[in-house]
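Peer 1: Residues per chain, in single letters:
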Amino acid sequence: MPQNSAPCFEFENVSFAWPGGKTILDGQSFSLPKGVFAVVRGPSGSGKSTLLRLMNRLEDPVDGVIRYLGRSLGDWSPPLLRQKVAYLHQMPVVPDLSVRETLCHAFTFNINQALDPPGDSALTAQLQRVGLGDVGLGDPAAALSGGQRQRLCLLRAVATGPDVLLLDEPTASLDKESKAVVEEMAGELCAGGTTVVMVTHDDFIPGNTACIEVRVRDGRVEICQ
Amino acid sequence: MSMMQEALDIGAMELGIAGLFVVVAGAISMAGRLGLGRSLLTGAVRCVLQLTAMGYVLRFIFNVDSVWIVLGVFCIMTVFAVRIVRGNVAERQIPFVLPAFLTMFTVYALISAMVTGVIVGALPWWHPQYFIPLAGMVVGNSMTALGLSLDRLFSDLKAKQDQVEMALCLGATAWEASRDIVRDALKAGMTPSINSLAGVGLVFLPGMMTGQILSGADPLLAIRYQIVVMFMLVASTALTVAIVLHIVRKRCFGPGQQLLLKPGKTRR
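Which chain is which? The protein sequence lines are A and B, in order.
Residues 1 to 225 in my numbering are what the first sequence lists, from first letter to last.
Residues 1001 to 1268 in my numbering are what the second sequence lists, from first letter to last.
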C-alpha cells in the first residue's frame, strides 16, 4: 500500500495483556484515518490509556502488528516515531525547569537538534494562546497550578509539530477554564491537519472536525463513525 | 635500634581469652533481652571456622603455587560477592547477575593483576601471597558500591517513571531519558570510596595496614601498600559500577526504547 494512502494507524490482530494480569486487547483489528479527531471511551480499566501507549510504543503488543502510515511500529526509530506521534499524559509532568526551558525541552534531544527552537516572542504568543499570558518565561514551571501546568505540557508536546497527538484524559483533573482551553486547542490542531486521539470519560464532542468514537470494552475495540 | 619486631604469637589460650569479648556482648544482649544471643554465638563460631578454613586454604594455595587455583579461588570470591550484591538489591524485574559477575571478574582480575605484577612487582603476576589478599580487598569493597548503585538506579527509574516517559514522548532516546538517573547512581556508588580516600589515616586505619604493622612491617611500607590499595579501590569501583550500570540500564528498556521497569514488583 503506498504510504500516502495508508491510514494513520492500523491495528492487525493486536493483543495485549499485562504480565499475570487481565487481557486488555484480544486480537483486535481496526484502523484510524488521517486527520480525524478520535475520542476514545470505555469503562475504567478497559485499556483506553494502554491503547494510546501502544500507539507510540510506550508498550509493545503481545501479538499482532501496529502500523503507522503503513509501516510497522517496529520499523520506525522510536525517537522519530515519538517526534511524529506526540503523547500527553493525564497528569502534567514538569521537571524542575523554567517555563521557557519546559516549552523548549524537546529541542534538547538529538532527534530534534535540526529544528530551531522558538524564540521568546513566539513562546510568549504560545502562552497567550492557552490563556497563560501573565506567566513569565523565566518563572519556575513547577510553581504553576495543575491546570496551568497541563496547558504548558500541551504546548510542549506540540512544540516540534507532531502529525498525531495522543491525549490521555488530559482534562480529567482540570478546572473548567483549563479544560475548555485544552479541548479548544486540540480541536484547532485537528482542524489544522493533526490527527488527535483523545481518551475521555465525559461527553466531549469536538466541533468543526471529523470525529469518530473508539469504544474499548472487554478486550474489544469498536469504531463508531 | 629498630623499634620493629616480628609478630608475637597468639596461642589457643590467648584466643580463648579474646572469646571473652564475645561473652561481654552476649551478656549485654541477655541483660537487655535483645534476643541476639543465638545470632552472636552462631556468628562467633562461623567467624572462627571460616577464618580458620581460609587460613588453611591460603596456606594450601601458597604451597601449590598454581595460576589456575589462584584464579579459581578468585572466581569463587567473585561469585559470593555477586550473591551478596543480589541480596542487597531488592529489584527482581531486570536480570543483572550475569553482567555483574562478568564485569566484576574481569575488572577486578585486571586491576589486581596490574597492581600485583606492575606496581608491587611480584613475580609471577598472580603470586598468591599478593594477588589473593589484594583481589579480596577489591572484591569486598567494590561489591558494596555496586549494590548501592544498582539499588539507586532501579529505585530512581521506578520513582521517576513519569519523567522518563515524558522525555521519551518528547523524542528522547532511552539514554537521554535516563542519563541523569544513571549519573546519580554512578555517583552514589563512587562517593563512599572517594570519601574514604579523604578519611583514611585520620578517621580510620585500614585493616590491611594495621595487619601489616602488627605483623612487624615498616609502617611506611605498610602505608605505601595502603595507598596503592586505596587507589585501586577507587578505580575498580568506578569501572565496575560504570560498566554494570551501562549494561543494566540498557536492560531496563525494551526494543521500542520503552521503560520495562514498572513501579511495584509486577508490571502495571
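To be clear, the hints were calculated from the coordinates, so they are not data collected in a lab.
The C-beta atom is built at its ideal place from N, Cα and C for all residues, glycine as well.
There could be a bad hint or two in this list.
Which stretches of chain A does chain B cover? Using the computed rule of at least three CB atoms under 8 Å from a CB of chain B, they are [stated by the list, open to error]:
1) 65-78
2) 115-128
3) 135-141
4) 170-177
5) 210-218
Chain B is nowhere near these chain A residues, computed Cβ spacing over 10 Å in every case [to be verified]:
6) Ala106
7) Ala180
8) Glu184
9) Glu188
10) Thr194
DSSO-like, lysine-lysine: derived pairs with alpha carbons at most 27 Å apart [said to hold, decoys possible]:
11) A/Lys22 <-> B/Lys1187
12) B/Lys1158 <-> B/Lys1262
13) B/Lys1187 <-> B/Lys1160
14) B/Lys1158 <-> B/Lys1187
15) A/Lys84 <-> A/Lys22
16) B/Lys1262 <-> B/Lys1250
17) B/Lys1160 <-> A/Lys84
18) B/Lys1158 <-> A/Lys176
19) B/Lys1158 <-> B/Lys1250
20) A/Lys84 <-> A/Lys34
21) B/Lys1187 <-> A/Lys84
22) A/Lys22 <-> A/Lys179
23) B/Lys1160 <-> B/Lys1250
24) B/Lys1262 <-> A/Lys22
25) B/Lys1187 <-> B/Lys1262
26) B/Lys1158 <-> A/Lys22
27) B/Lys1160 <-> B/Lys1262
28) B/Lys1250 <-> B/Lys1187
Peer 1: So, for every hint listed, does it hold in this structure?
Peer 2: Checked hints:
1. 65-78: With 3 residues close enough to chain B, the hint holds.
2. 115-128: Since 0 is below three, the answer is violated.
3. 135-141: Since three or more residues must qualify, the claim that chain B covers the stretch 135-141 of chain A is violated, with 0 doing so at under 8 Å.
4. 170-177: violated (count 0)
5. 210-218: Check failed, 0 qualifying residues.
6. Ala106: violated, 4 Å
7. Ala180: holds, 24 Å
8. Glu184: About 22 Å separates glutamate 184 of chain A from the closest Cβ of chain B, which puts it past 10 Å; holds.
9. Glu188: holds, 21 Å
10. Thr194: Non-interface label stands for threonine 194 of chain A: nearest chain B Cβ at 15 Å, farther than 10 Å.
11. A/Lys22 <-> B/Lys1187: This hinted pair is violated, its Cα atoms lying about 40 Å apart.
12. B/Lys1158 <-> B/Lys1262: Holds, at roughly 6 Å.
13. B/Lys1187 <-> B/Lys1160: It holds: about 17 Å lies between the C-alpha atoms, which stays within 27 Å.
14. B/Lys1158 <-> B/Lys1187: Holds, because 18 Å separates the two Cα atoms, which is no more than 27 Å.
15. A/Lys84 <-> A/Lys22: violated, 30 Å
16. B/Lys1262 <-> B/Lys1250: Within the cut-off at roughly 15 Å; holds.
17. B/Lys1160 <-> A/Lys84: holds, 24 Å
18. B/Lys1158 <-> A/Lys176: Roughly 32 Å between the alpha carbons, so the hint for lysine 1158 of chain B and lysine 176 of chain A is violated.
19. B/Lys1158 <-> B/Lys1250: holds, 15 Å
20. A/Lys84 <-> A/Lys34: Measuring from Cα to Cα gives roughly 13 Å; hence the hint holds.
21. B/Lys1187 <-> A/Lys84: violated, 35 Å
22. A/Lys22 <-> A/Lys179: It is violated: about 32 Å lies between the C-alpha atoms, which goes past 27 Å.
23. B/Lys1160 <-> B/Lys1250: This hinted pair holds, its Cα atoms lying about 17 Å apart.
24. B/Lys1262 <-> A/Lys22: holds, 17 Å
25. B/Lys1187 <-> B/Lys1262: holds, 23 Å
26. B/Lys1158 <-> A/Lys22: Holds - the C-alpha atoms of lysine 22 of chain A and lysine 1158 of chain B are around 22 Å apart, at most 27 Å.
27. B/Lys1160 <-> B/Lys1262: OK: lysine 1160 of chain B and lysine 1262 of chain B at ~10 Å, within 27 Å.
28. B/Lys1250 <-> B/Lys1187: holds, 18 Å
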